[in-house]
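Enquirer: What follows is each chain in one-letter form.
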Amino acid sequence: MLAYAVKRALGAIPTLFILLTLAFFLIRLAPGGPFDAERQLPPEIEANLNQKYHLDEPLYQQYGRYLWDIARGDFGPSFQYRDLTVNQLIADGFPVSLRLGLMSLLFALFFGVMLGTLAALRQNSAADYGLMTVAMLGVSIPNYVLAPLMILVFAVYQGWLPAGGLGGWQNYVMPVLALGTAMMAYIARLTRGSMIEVLRSNFIRTARAKGLPLRLLLFRHALPAAMVPVVSFLGPATAGIITGSVVIETIFGIPGLGRYFVQGALNRDYTLVMGVVLFYGMLIIVFNFIVDLLYAWLDPRVKYA
Amino acid sequence: MSTARAGDPLLLVRQLRVEFQLPSASPWATPWSKKETLRAVDSVQLDLRPGETLGIVGESGCGKSTLARTLVGLQQPTAGAIFLDGKDITHLGEEGWRQLRRDVQMVFQDPLASLNPRMTVGESIAEPLHNLYPEMPLQQRWRKVRDIMPRVGLEAAWINRYPHEFSGGQCQRIGIARALVVEPRVLICDEPVSALDVTVQAQIIQLLKDLQAELNLAMLFIAHDLAVVKDISHRVMVMYLGKVMAQSSSKMLFQRARHPYTRALLGSVPLPDPQRERAREPQVLEGELPSPLNPPSGCVFRTRCPLADNLCSMQVPALRQTIAGDYAACHYADQTP
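As they're listed, the protein sequences go chains A and B. If you're matching positions, the first sequence starts at 1 in the working numbering and goes up one per residue. If you're matching positions, the second sequence starts at 1001 in the working numbering and goes up one per residue.
Pulled out of the complex, with its shape left as it was, chain B reads as follows (with noise of 0.2 Å):
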């Protein structure tokens, strides 16, 4: 998957799997019985460089929390591998996983949830830095909080306040500026912006966007939102349970779409103009998601794809380049007009 961008990849996955036991629902069900196997992830490849953002989207439950919680280590991969800067980390357990956080940080969805209640804004920002450079001197701890709080926008003096005397948008400035203080090499946000309101959200993605080019990060962005994850993404990776449906360009992807899901999603997108909203043909997604306890033969999107056949049912359809940069796991990708 070769792109314009010069430079090896910093994080790169391959064929990464995740798998849940969950306990049989059935009411005869007793704690000896088989469990049955969800599987949230399903042969994940990607890569990152860095300065790049690659976007995910896909609706809820298609697995990209938990893709995003496998790549910093708080869950355990059942297959495949994630390596960074070369090293293989899939199974590096507890404790290289905590040196591991040096490079690999994480900003999470729910701003004020994510904060320690009884810890005040410079303790969170800098528990990190304790943490994982217990060899620094306490006096350069202390200037790196108060160095980077200026940064994602938050004043210095606000140091020793509390996270529930701050707005959402504040909390989320907090979560970043503790994601950043052990100065990461990839950040992965977990629908940062979901829980913010819409002029706030404008604010967080373009601090994001600032920092990244400044500090040249590589970024892995997830959301729900096409227009957010467009805004800030350089390219696009879309869902759906668990597998890869297509990934290319964000400009290619919102111009001219292969995969019938991305079409569907970008036909959920209201536009803009209202006259051209009015004239334009509604495009709703028919049916429910499958359960994934229970996923469709074959593509799992054919039992609401307008194109699906036979031939959907019966083979897996592989994700392939249809044109430069653009990757669709679909059998009809080169059909769509």
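Bound-form chain A, shown alone (with noise of 0.2 Å):
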């Protein structure tokens, strides 16, 4: 179990390299510069701020100077927030974009998985339909549609709701919603699929000539045979509430990873666009594990080693 953790973590490094030098590359290929946004600054000012942070040296040199900092851990200092560290932004914006993303999950998977098995329960009824209908509207209505829809709704018409920011639960009603729904409605339409085959599965016949009563036999039996697709699932949708959250966390105007991704990326602000991505990057690499690790605890087949 440990030499596969280990394992696992060795094999990241190569794709966390990958993405590094993409990233690095690709961010300065874009027109302008972190300080081309600022009034004109007098050209001594310029090779000064350009001096301190290293952007007069060849991209080569700033390449390998980046890459010695990240590997002792260092993601630098932010070129926008000058009196802060990449390290700290993070620090910083993490618990807040980590609550909202654990909620829509937790609201995506918790509904999804409820909605999903009623639904294969009652299979080609009314409600069978019904619930996969709103589904599918779930699944297509992309979620900055969604996001300023429920403001106009819930905060502008009712008053119901603030429209953003951070204070109390009532600022993560809607942010959850907006990212939870579109997941939320591929989990309930996965688990209907898979769930109506194993009801149909031998194994489960036999249960219910055990005389088990439904609700043994769907939460013992059935729901964990179940679980599978919507397991493997849980990577692609970390992923997706990652990129959710930056479109999210900017509507809302909450002070999360995600904003400061799409300030650092208008901003030009390399060493943060820099951070976030492989932040991100590791997040979903240590997804996949625990991922992978739900699988083996789902099936008893699956052995790793």
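Because the hints were derived from the structure by calculation, they are not lab data. Check each hint, because a few of them may be wrong.
Said to hold, decoys possible - Label-pair ranges, simulated between beta-carbon atoms:
(1) V6(A) - G1093(B): 51 to 61 Å
(2) E197(A) - M1136(B): 30 to 40 Å
(3) N124(A) - S1291(B): 17 to 27 Å
(4) N124(A) - Q1139(B): 40 to 50 Å
(5) S1291(B) - E197(A): 20 to 30 Å
What the hints assert, rightly or not - If the Cβ cut is set under 7 Å, some of the chain B residues that face chain A in the computed set are:
(6) D1110
(7) Q1321
(8) T1322
To be verified - Every beta carbon over 10 Å from chain B, so not counted as near; a handful from chain A, in silico:
(9) G32
(10) Q51
(11) L161
(12) N202
(13) P255
Even for Gly, the Cβ is constructed at its ideal location relative to N, Cα and C.
Hey, can you piece these two chains together into the complex? The hints should help.
Expert: Here it is as structure tokens:
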């Protein structure tokens, strides 16, 4: 188990290296630089700034310097938020993003699995068709459409919920819904499909013949088997939450990592963008590792060595 | 249908009918159009005594598995009655059947697929106890599991293994242990050996025979292999398109079958002696099994029967006694040589 984890961690290094290299050169290919947006600076000051942040060095030297810093866990200073390092910004924004992402994921999992199971139990009934139509709609509506619509209805017209910012739980309702709805709808469809298949399988018939009540039949026998495709989806779902949070945090003005990422990209804040990209990359790798462990837990035939 | 066996029947089935409503196959069908009715089991009667095995044979789709599923409450009958120990259990509903599963258990066809791959053998065998005897102390339950495993030929040390670590025959032993751990009085085996190798088949059949004698089980044994049925059954029932064609003692059925369908089935079993096999007149059933959605009028077997005539298309033959202990549903049962 520990050996497997170490193997996976070592395997992640080349992936991260490629990610870093691509991101490093791509962001520098974009026109403009970190200090272009501000008032016209005197050439001396600009030269000073460039020197301080080593932007006057040739590209390969900058790349090498960055690699060396990263290897020591230092993401460098932010170009935009001059008093802060990228490490500080990530430490600042990540807990907010994590909370939002986890809540959306739990919301999507709980309701998706519940609705999918209900639909499977009442296969081809009006309830099933109704749920699946709504789910299709949920999958089809992008979050950048859903979020402004919700703000319009619940914040502007009704005034029930705050339109943005972070305060109490009310601030989380709309972002969580906007981020989680499509995922919930997708999970509901996945769950329905696999649940129908599992409910038809022989070992479920055996369980019924043992005289199990429906509750045990579902929770002990059917759900773990039906969860395998849902668990597979959790990998891409995390990536979806990360890209989604970039949009949602910007729309709702939430001071999370996603918003730093967008502003960093707009301001050509090279180090900030790089830092967030690398951090997201690691996050996805870690999450995929967790998903693989979940497989082994769901199915004793899966063994990792 | 009295046989020489003493004692009242434990399981009694009268005029059992199971129908399925299928959506029309027509391309113009809408969800509102009339459904077609498939009668999977039609007017089946049977009785089963403790210590007795009734074999049920028939081609695929003759309704034998549906019958089995109905008898363990996994399928609702459309009409007719089922009695267990004199008590009407036809319309028990989910909860009533749950209680009844202490008495009626089932062994299924595909042994590996019938076990939850996420549960250890011990958990699988113990689950009916947890469920049906929640008041039983945990230690006693596990002792029962450990006791039953060697009795079905499994080592008690394998208790924490998973189903995929076992062979098909061993999985079926687990399935049998799982069914017998609650000490049922009726055991319904739905083709328990048809997925197994011939040598393993013989072992499992022997195991079932031994356990039956030991526990005085009333056993219903479904198969499509006549040789297997002959070996284990006291009496045999032959089904065709949901109906009972013939019923008689195992010995009688194989020696002098009265029903033309039974004879055709027997004729399709190869003889072990190659010389006799070559000399034998081949008896192959002509034609296809008719669609159960649209069964023939009169006798359902008449479309493939060598004896069929006008009477057979007009009148449904009743199941009647030909000679003592032998029943056949055929107008010409007495005329067969």
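Enquirer: State for each hint whether it applies.
Expert: Hints, one by one, checked against the model:
Taken as a hint, the range 51 to 61 Å holds for the pair V6(A) and G1093(B), whose Cβ atoms sit roughly 56 Å apart. In this structure the supplied range 30 to 40 Å holds for E197(A) paired with M1136(B), their Cβ-Cβ distance being about 34 Å. Range check, N124(A) to S1291(B): about 24 Å between beta-carbon atoms, so the 17 to 27 Å window is met. For the hinted restraint 40 to 50 Å between N124(A) and Q1139(B), the CB-CB distance of approximately 46 Å keeps it satisfied.
For S1291(B) paired with E197(A), a C-beta distance near 28 Å keeps the hint of 20 to 30 Å intact. Taking 7 Å as the C-beta cut-off, the interface hint given for D1110(B) holds, the closest approach to chain A being about 5 Å. Violation of the interface hint for Q1321(B) is found here, the shortest Cβ-Cβ separation to chain A being roughly 35 Å, above the 7 Å cut-off. Violation of the interface hint for T1322(B) is found here, the shortest Cβ-Cβ separation to chain A being roughly 36 Å, above the 7 Å cut-off.
Its beta-carbon lying about 56 Å from the closest one in chain B, G32(A) satisfies the requirement of being farther than 10 Å from that chain. Under the 10 Å C-beta cut-off, the non-interface status given to Q51(A) relative to chain B holds; the minimum distance is some 62 Å. Even its closest Cβ contact with chain B, about 41 Å, leaves L161(A) beyond 10 Å, as expected for a residue assigned away from the interface. Distance check on N202(A): its Cβ comes as close as 4 Å (rounded) to a Cβ of chain B, failing to clear the 10 Å threshold; non-interface status is violated.
No Cβ of chain B comes within 10 Å of the Cβ of P255(A); the nearest lies about 43 Å off, and the non-interface call holds.
When held up to the earlier numbered hints, the structure conflicts with 7, 8, 12 and fits the remainder.
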